[in-house]
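Based on the hints, put chain B in the right spot on chain A.
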Amino acid sequence: MASANKPINTDVPEKDVFALHFLQSLSNLRRQNTFNSPEKTNDRVKKIKKVAYVSMARAAGGTNRLWSRALLRRAAKENNKVVRFPRRKKRVTCLRRRRSNRRDPVEEEEAERLRNLVPGGGGMEISKLMEETAHYIKCLSMQVKVMQCLVDGLAPK
Amino acid sequence: MSSRKSSRSRQSGSSRISDDQISDLVTKLQHLIPELRRRRSDKMSASKVLQETCNYIRNLHREVDDLSDRLSGFLASTDDNSAEAAIIRSLLDY
Numbered sequence: 059m060a061s062a063n064k065p066i067n068t069d070v071p072e073k074d075v076f077a078l079h080f081l082q083s084l085s086n087l088r089r090q091n092t093f094n095s096p097e098k099t100n101d102r103v104k105k106i107k108k109v110a111y112v113s114m115a116r117a118a119g120g121t122n123r124l125w126s127r128a129l130l131r132r133a134a135k136e137n138n139k140v141v142r143f144p145r146r147k148k149r150v151t152c153l154r155r156r157r158s159n160r161r162d163p164v165e166e167e168e169a170e171r172l173r174n175l176v177p178g179g180g181g182m183e184i185s186k187l188m189e190e191t192a193h194y195i196k197c198l199s200m201q202v203k204v205m206q207c208l209v210d211g212l213a214p215k
Numbered sequence: 071m072s073s074r075k076s077s078r079s080r081q082s083g084s085s086r087i088s089d090d091q092i093s094d095l096v097t098k099l100q101h102l103i104p105e106l107r108r109r110r111s112d113k114m115s116a117s118k119v120l121q122e123t124c125n126y127i128r129n130l131h132r133e134v135d136d137l138s139d140r141l142s143g144f145l146a147s148t149d150d151n152s153a154e155a156a157i158i159r160s161l162l163d164y
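The listed protein sequences correspond, in order, to chains A and B.
By the working numbering, the letter at position 81 of the first sequence is numbered 139, and the numbering carries on one by one without gaps.
By the working numbering, the letter at position 34 of the second sequence is numbered 104, and the numbering carries on one by one without gaps.
Among the hints, erroneous ones may be present.
Capping the alpha-carbon separation at 27 angstroms, the derived lysine-lysine pairs in DSS-like fashion look like this [unchecked claim]: (1) A/K73 <-> A/K186; (2) A/K186 <-> A/K196; (3) B/K98 <-> A/K135; (4) A/K186 <-> B/K118; (5) A/K203 <-> B/K98; (6) A/K73 <-> B/K113; (7) A/K196 <-> B/K118.
Footprint (simulated), chain A over chain B, 3 or more residues, beta carbon under 8 angstroms [stated by the list, open to error]: (8) 117-127; (9) 130-139.
No lab work stands behind these hints, which were simulated from the structure alone.
Since this is a predicted model, take the numbers as computed values, not measurements.
Glycine residues also receive a C-beta, built at the ideal position from the N, C-alpha and C atoms.
Only chain A is shown next, with the shape it has when bound in the complex (with noise of 0.2 angstroms):
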């Protein structure tokens, strides 16, 4: 089961995909009654940050991925109930059990920073760790040009 020697590849979709996504989602927002009223800005707000993490994970494949699936767990978890998402306990006891033998002290608790912050990165192994990042991170940029892209086109001109 040897999987070190596959290559490791960490392309992301064109910013299109990002956009369409991102678009369509968009627009079923605001078929909702409740969403255009001025008054509830908060709430719009928060929609269209979940909106935004949703269509991200889909357009960047769904799941293909270890973090965009976390992603879309936690979103749909969320959709049910507003719940807490449990993972920083369970993580933690996981991780000071196996201080031991690690490489390097330094970089597990560098590790343990990025595994907060990548979504489903509680459960890697930290070279997978790394390679969830480098899509994460992709995929994100990719999605804030998008959002660039949009309020620069919706802003008055």
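For chain B alone, coordinates are given in the frame of chain A:
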């Protein structure tokens, strides 16, 4: 979700992932982060790269927050046509 598999068990000499691959990944990450790419230094310590990666991700999250906020302001209007047109126009022109 119990993922405490044996992949996390102690692996001293014969680790599944080679040190080269790790170092490779560190370099890859280094190139992805604009902050570090500018410095052009050949090799940074893994922990520094990881640290900057965390900062970069946090920044990106913050940008998403900020842009969501601004988008929310723009999308609150009931003027459908102009907003849709502007959206499509802006994305097609990039």
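Check your understanding: Checking against the hints above, which ones are violated?
Key -> 3 and 6
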